[in-house]
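With chain V fixed as given, assemble chains A, G and Y onto it according to the hints.
Chains as they are written, first to last, in this note's numbering: chain V, 1 to 173; chain A, 1 to 173; chain G, 1 to 173; chain Y, 1 to 173.
Keep in mind that the hints were calculated from the coordinates and are not lab data.
A couple of the hints might just be wrong.
Heads up, the list lumps identical chains together, so a pair's fine if it works in one copy or across two of them.
Mimicking BS3-like on lysine-lysine, the simulated pairs with C-alpha atoms at most 30 Å apart in a straight line are [as the list claims (entries may be wrong)]: (1) Lys17 <-> Lys136; (2) Lys128 <-> Lys83; (3) Lys44 <-> Lys64; (4) Lys44 <-> Lys146.
All figures in this text were calculated on a predicted structure; none of them were measured in a lab.
Number of protein chains: 4
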Amino acid sequence: MSGNGENMVNKTTQSMKDICVNLLQERGVQIGDIVDIVYDLQKKYVTNLTRGVCEEAIGRVLGKREVQNAILTGIELDMLAEKNMLSEPLQTLISNDNPLYGIDEILVLSICNVYGSIGLTNFGYVDKMKPGIIGKLDALGKATNKCHTFLDDIIGAIAAAAASSVAHNAEED
Amino acid sequence: MSGNGENMVNKTTQSMKDICVNLLQERGVQIGDIVDIVYDLQKKYVTNLTRGVCEEAIGRVLGKREVQNAILTGIELDMLAEKNMLSEPLQTLISNDNPLYGIDEILVLSICNVYGSIGLTNFGYVDKMKPGIIGKLDALGKATNKCHTFLDDIIGAIAAAAASSVAHNAEED
Amino acid sequence: MSGNGENMVNKTTQSMKDICVNLLQERGVQIGDIVDIVYDLQKKYVTNLTRGVCEEAIGRVLGKREVQNAILTGIELDMLAEKNMLSEPLQTLISNDNPLYGIDEILVLSICNVYGSIGLTNFGYVDKMKPGIIGKLDALGKATNKCHTFLDDIIGAIAAAAASSVAHNAEED
Amino acid sequence: MSGNGENMVNKTTQSMKDICVNLLQERGVQIGDIVDIVYDLQKKYVTNLTRGVCEEAIGRVLGKREVQNAILTGIELDMLAEKNMLSEPLQTLISNDNPLYGIDEILVLSICNVYGSIGLTNFGYVDKMKPGIIGKLDALGKATNKCHTFLDDIIGAIAAAAASSVAHNAEED
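Looking at chain V on its own, in the form it has when it is part of the complex (with noise of 0.2 Å):
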């Protein structure tokens, strides 16, 4: 007897999110950086919060399919944008992560939104803190020919989204 639907679902859903978690990865982002962010974003809201909540509410942000979409398509522009491969202006503009872009922030609202709208403060917050990783990540693409335009913006959103989730399930006990 071989997969019936439900099976062949979850497996196809289990690769895009492995690909993803690769993917971050290669790039130099760890589950546990993100879990360092979303740890420091709920302890002081929720009781007992322990990073492994956090881990289980990143995996379910990595789970949908939105979020894969835009890991897989930012993550594209920064890597064609380091090998030069990208036209004129769009290059400059990406490469010199220009603060008027803004098509990085736009792209990472599909999935700061998964858990509603209180995932935006939190994107905003981290954003604009820059909190582990995403320091490194935002210094790194500053000071080496690496572009993290938009991977630092993807990282602070899954953060955020993953934040919501734990501050839902919290208040929902």
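Frame of chain V; chains A, G and Y shown alone:
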């Protein structure tokens, strides 16, 4: 010969703007309070930033129809909640500023976005840090029978949009 | 004694959903009216689509907290406008369904987006074509002292989100 | 020596706008094609609407930086997909115009919203009905090795935003 079309437009638009400025004042917010926030948000990015430049940007934001509509709607809901005139369970959700209500944040998205997506980042930051008048409104809302569920987000969003407008203009000089 | 946390959650969530379903009925909308719209939106894309599948999708949409909050808030504003209980100029903007008011469309974005961005396309289409109950609500709002400024957008958004949910599930089978 | 700040701004802004207009033409879209859609969207709402008024509105939309950034980014992704230069699975998602990809719709939100939330409704309608050039681009994308995954949404969003601008101006006369 009297008022041509354009003058009438200006008159109407001006009136709506005046209504909003007056309404903010009635609810305890002076334009100078918002200038404080915009100035702090942008001073490290814009050399020689003046309070006058911030105030002009706030004026541009308050002149936009979608901003005026969001102000009128949000403050109305706050005032109805104060008078206990909303139906349950909405009355409790708004008067308690339930963190999962989220409609306050949705409503002010239309304000944040009037000068592009970078307004979102500033909004999230301000909404989390609650500088100046925003922190005062939040504390008053929690300690008294005042309801500022929408007002604090509205002020944060006006400040964020004005900061974006300042940033755009500075970039283009 | 039973009642553990999870049961209480389900009870509360269920109650909010029931409150919303009842409120829609009081305002003249049956779930079957929304099924009609979802079925028409998706029948040409999903082979063997049944009304039951559409109704289940609507149930999933109505079970989401951000959807419940948008329903409660929008219908409250419609009802207050009918009773002439809003301050001017908001009273006139809402009771006349002013096409530049726009807050009705902003409010329902949180509904459209619960199953990803494809909900937006369906919402725009439905908002323009006004099929079934949406056209009836719109006509009643214009011809009588009923106010359906928010309600017609709410119904369109619930239908659009449910259609997205049907599409996602069909794709994954 | 002349060239003051303002002239340089206008020159730069003009150049970006010209780059976008030329890029649209290279991809098979004339401004007149977009005028057709805007005119059809608004003719029943605006008495004595002319094609010139529609063309001016399109010009205002194309003069906005967030619109220019979205055009450059989306068309770049289409062109890279045509050349088979994207990584998998993104290459397949974009070149097949997968209905659950959704990033095309997210990207053009920044265009739709430049004249307020009513742009969303027009966008959804146009995206579903595919009038004029949009239907042609869609058919070409499916029948040939051309990729128009982003382009058709970009054109729909420019038309929707321009229609909103026409509506705002008409209302205010």
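Hints the structure fails to honour: Structure breaks no hint.
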